[in-house]
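For the record, the sequence lines run as chains A and B.
So that you can map any letter, position 87 of the first sequence is 87 in our numbering, and since no number is skipped, the others follow by simple counting.
So that you can map any letter, position 184 of the second sequence is 510 in our numbering, and since no number is skipped, the others follow by simple counting.
Since the hints were derived computationally from the structure, they do not count as laboratory data.
Be careful, since some hints might not be right.
Mimicking SDA-like on lysine to any residue, the simulated pairs with C-alpha atoms at most 20 Å apart in a straight line are [said to hold, decoys possible]:
1. 29(A) with 473(B)
2. 403(B) with 99(A)
3. 135(A) with 530(B)
4. 519(B) with 203(A)
5. 135(A) with 52(A)
6. 36(A) with 540(B)
7. 137(A) with 523(B)
8. 500(B) with 528(B)
9. 32(A) with 544(B)
10. 32(A) with 530(B)
11. 36(A) with 500(B)
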Amino acid sequence: MHMADGLVSPAVAGVMYAASAAVCLYSAKKVKNDDKKIPLMGIMGAFVFAVQMLNFTIPGTGSSGHLCGGLLLSAILGPYAGFLTMVSILVIQCLLFADGGLLALGCNIWNMAFYGCFIGYIFIYKPIMKTGMSKGKIILASLLSSVISLQLGAFSVVTETLLSGVTELPFSIFAGLMQPIHLAIGIGEGLITAAVLIFISEARPKLLDFEVNADNKLSYKKVLVILSVCVVLFAGVVSLFASSNPDGLEWSVGNVTGSEEIERDGNAYRTSDDIQSKTAVLPDYSLPDSESAAGTSLSGIVGCLVVAAISAGGMLIIQKINKKKA
Amino acid sequence: MADIDNAKSEIYGVENTASENSIVHKLNTTVKLIFTVVFVCLLVSVPKYDVTKSVIMCIPVLMLYILADISIMQSFKRIWAVFVFLMFMCIGNMLFNTGSFAVLGGFTVTYGMLSAAVLLLKGVSSVLMTTLLIESTGMEKLCSALLRLHFPNIFVTELLLTYRYIFVLLRETKTLKDAYSLRAPKDRGLHFKVWGTLVGQLLIRSIDRANEVYNSMVLRGFSGAGIYVCKEGIRAADIIFIIASTVILCVLRFTDIINHIGGMMI
Numbered sequence: 001m002h003m004a005d006g007l008v009s010p011a012v013a014g015v016m017y018a019a020s021a022a023v024c025l026y027s028a029k030k031v032k033n034d035d036k037k038i039p040l041m042g043i044m045g046a047f048v049f050a051v052q053m054l055n056f057t058i059p060g061t062g063s064s065g066h067l068c069g070g071l072l073l074s075a076i077l078g079p080y081a082g083f084l085t086m087v088s089i090l091v092i093q094c095l096l097f098a099d100g101g102l103l104a105l106g107c108n109i110w111n112m113a114f115y116g117c118f119i120g121y122i123f124i125y126k127p128i129m130k131t132g133m134s135k136g137k138i139i140l141a142s143l144l145s146s147v148i149s150l151q152l153g154a155f156s157v158v159t160e161t162l163l164s165g166v167t168e169l170p171f172s173i174f175a176g177l178m179q180p181i182h183l184a185i186g187i188g189e190g191l192i193t194a195a196v197l198i199f200i201s202e203a204r205p206k207l208l209d210f211e212v213n214a215d216n217k218l219s220y221k222k223v224l225v226i227l228s229v230c231v232v233l234f235a236g237v238v239s240l241f242a243s244s245n246p247d248g249l250e251w252s253v254g255n256v257t258g259s260e261e262i263e264r265d266g267n268a269y270r271t272s273d274d275i276q277s278k279t280a281v282l283p284d285y286s287l288p289d290s291e292s293a294a295g296t297s298l299s300g301i302v303g304c305l306v307v308a309a310i311s312a313g314g315m316l317i318i319q320k321i322n323k324k325k326a
Numbered sequence: 327m328a329d330i331d332n333a334k335s336e337i338y339g340v341e342n343t344a345s346e347n348s349i350v351h352k353l354n355t356t357v358k359l360i361f362t363v364v365f366v367c368l369l370v371s372v373p374k375y376d377v378t379k380s381v382i383m384c385i386p387v388l389m390l391y392i393l394a395d396i397s398i399m400q401s402f403k404r405i406w407a408v409f410v411f412l413m414f415m416c417i418g419n420m421l422f423n424t425g426s427f428a429v430l431g432g433f434t435v436t437y438g439m440l441s442a443a444v445l446l447l448k449g450v451s452s453v454l455m456t457t458l459l460i461e462s463t464g465m466e467k468l469c470s471a472l473l474r475l476h477f478p479n480i481f482v483t484e485l486l487l488t489y490r491y492i493f494v495l496l497r498e499t500k501t502l503k504d505a506y507s508l509r510a511p512k513d514r515g516l517h518f519k520v521w522g523t524l525v526g527q528l529l530i531r532s533i534d535r536a537n538e539v540y541n542s543m544v545l546r547g548f549s550g551a552g553i554y555v556c557k558e559g560i561r562a563a564d565i566i567f568i569i570a571s572t573v574i575l576c577v578l579r580f581t582d583i584i585n586h587i588g589g590m591m592i
C-alpha cells in the first residue's frame, strides 16, 4: 500500500503531511513524559520491521501474508507510542528501501499508521477488550480492526491518487480492485495479530492489560477538533486545485446534448432557479460576482461545515428519540 | 519487501556508501534534506502529459549521482518494489486514455502512453533522489538534521533507536527463520499453528531486551533528551549549493530551456 511520489500532487501531499504531522506532534506530546517507553518503542519498531520479513502461510489459500504491525504496536505500547513507532518504521522503509516516496510519506503515514493505531485500536480493539480478554474477543477485535483499518487505508490511497489527478483509472474500477485485495490482506493481518496477541495474553498477560486499562481516552471534543482541522485543510486547500473541467455527469450530458447543462423551460423551473439564486451564499463555489480563490476555499469549508452540522444534528435527534423510547 | 539477508546487506551497503567522501557527501545534511524536498515537490508538479519536462528533471539526479560517485544502477536495483504499483497505474492510464496525441510512422501515440511515461519518470526520479540523500548522508546525520529542524525529540530518538536495533532483531529473526526452515523444509512460510509461539517468543525476548537497554541507558545518564547529535556547521559552499540548485531547478521546471537551446543550435 506504500504510495510512490509520482502518484500524489504537491497539494494532496501537503495536506496529508499537515494532517499526519498534527497527529505526530500530538502523539509526541502524549508520550513525552514517559522516558521508559522510548527504548521499548525503538525495540518494538525494529521487531515489527524484522517480523515483516517473515512469510506467514495463510491456511487453505496456498498463499502467504506478512504483518503490518500497527495494531500489535498499539496493543502493547498504546496508540500514541504505537503511532510514533509506525511512523519511524515508514520513514526507514522510505529512506533505506525506497518503499514509498518522501513526498508521499504524509499519505503513507495516514493510510498505514493512523487508521491502524487510532481507528482500529481506540474505536474497535479497546472497546471490545474493555470487559476482559478472551481468545474469542482477541480474534474478533484483531480481525475487525485490521480489516477496517486496511479498508480505510486502501480507500484513502484511491482518493488521494484520484484527487492528485495522475491516473486515468475510473474511481469504480480503482476502488473495485483495491478494496477486495486489501480485504484479503486485512484478514491475514488480523489472524497473525490475533495469534501473537493470544500467545502474549497467555505468556505475559500484564503486557496487554497495561494498555487496555490505561487512560487513553480520546474525547469527542478532541476527535471533533482533529476532524475539523482535516476538513478545513481538505476543503480549503485541495478545493483550490479542483479541476475546472466538467465532471463525469456534465461530460456525459455535454456529449449527448452539446452543452454541459440541459436547458429547461417552464414555471416550476423558473421558480426553483429564482429560489436557488436568492438562497445560494456561494454560487458556483465562489463569492457572488467574484472568481477569487478565496471564494472557492470558503465554499469548500462552508460546504463541509454544513454537511457536518446536518449529520451531527441528525445523530442528536436519533439519539434523543432512542433515549425517549428507552 | 526484500528477505532478511537482502535487507541486512542493503543497510550495510547504505552505511558503507554514506561514509565516502565526495562533494555531495560533504554537503551539510540539512541543506541536502531541503534540496531533496524542493526537487521532489518541483518534480511531482510537472503536468501529467509533459514528457519533456519529466526527462529534463532527471538531469539533476544523474548529475548528483556522478558527483557523489555512487552507482546509479546499484540504486536502481534496490528500487524495483516501486515499479509494481507504478506499473499498475501506468497500465491503467494506457488502457483508459486512448485519445490520440500523434501518429508516428503508423504508430499512434496516445495520451495514456504519455501520462504513463510521465508517471514512471516522476516515480523513479523521486525515489532515486531520496535514495541518494540517505546513501550520501547516513541515518545518524539525518536524525541530527531532523533535530536541528525542530522535529520532536522523542520521535528522532525513537527513529534512531529503531534503526540501530534493526540489525540485532534482523539477526534474531534470521536465526529463528533458519531453525524453522531446517525443521520444516517443505513449508513456504510459517505454519499457522506456530504463528503465535514463534513470533510471540521473539516479541517477549525483544521486550525484555528493551528493559535491559532502558536500565543501562538510565545508568549512563539518559533522561529522555536527544541521545546523539552530529555537529555540522553550514559553510559558504552549502549556501551557494542550495541557492544555485534551487535556481537551476526552477529554470528547468518553469522555463522552456530545451527549446531555447535547440533554437540557438538551429
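Against the structure, the hints come out as follows:
no., hint, in the structure
1, 29(A) with 473(B), "16 Å, holds"
2, 403(B) with 99(A), "13 Å, holds"
3, 135(A) with 530(B), "19 Å, holds"
4, 519(B) with 203(A), "16 Å, holds"
5, 135(A) with 52(A), "24 Å, violated"
6, 36(A) with 540(B), "6 Å, holds"
7, 137(A) with 523(B), "19 Å, holds"
8, 500(B) with 528(B), "11 Å, holds"
9, 32(A) with 544(B), "16 Å, holds"
10, 32(A) with 530(B), "24 Å, violated"
11, 36(A) with 500(B), "28 Å, violated"
Violated hints for the displayed structure, listed by number in ascending order: 5, 10, 11.
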